[in-house]
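Going by our numbering, the sequence shown opens with residue 1, and the numbers climb by one from there.
Keep in mind the hints are simulated off the structure, nothing from the lab.
Do not take every clue at face value.
[What the hints assert, rightly or not] Straight-line C-alpha distance at most 27 Å; calculated DSSO-like pairs for lysine-lysine: (1) K100 x K155; (2) K151 x K100; (3) K74 x K151; (4) K63 x K74.
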Amino acid sequence: MWITGLYETLIGNEDPFFHGLSYLAVFSLLASIAAFYLTSGLGYRRYLKKMGTTRGRKPHFIKVMEFFSYTFDKIFLRNPVQHAVFYFSSSTIRRSMFHKMRLASFLAVAVRMMLVILAPQAQNFRAETSLNTTLLAIPLILSLFFLIGVKGIVKVPISLK
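Based on the provided sequences and hints, a complete structural model is requested.
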């Protein structure tokens, strides 16, 4: 109802009921933005202090990892330039806490968008339907924000040197 009151006030409705609701809508919007920045600041404070590089851990199944890496290289990374770019960027993402957090932020926005799109249609999922077109948007949203996030973290160098 708050958003309805804000909408009605913005289109010129002079009803005092809608004016009261519009004030609540603006207050709740500002309060939610403030709560977001407060909680994200408190939650990321520990990680923001560790923005440097981290030490890599040795995998437990080295032979299995080597087999999958070799297979992946033969199928997808046929050109030596592709091989170099892929492994340089993936090692940068793995070692830098800043790059991990930035990519996680982009993926968090994608998950939030998916929830905003799917939440109003919760009743449709309970009914047996053959295919819901809303579900087809999930891979597109995830891949779009993943690509935007990768593009954003590639532009930032791992160190100023």
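Agreement of K74 and K151 with the hint, judged by alpha carbon distance not exceeding 27 Å | Holds. K74 to K151 sits at ~25 Å (cutoff 27 Å).
For the pair we were handed, K100 and K155, check the Cα-Cα distance against 27 Å.
-> 14 Å, holds
Within a Cα-Cα threshold of 27 Å, do K63 and K74 meet the stated pairing?
-> It holds: about 17 Å lies between the C-alpha atoms, which stays within 27 Å.
Quick one, are K151 and K100 close enough, alpha carbons at most 27 Å?
-> The hint holds at about 13 Å.
Of the numbered hints given earlier, the model fails none.
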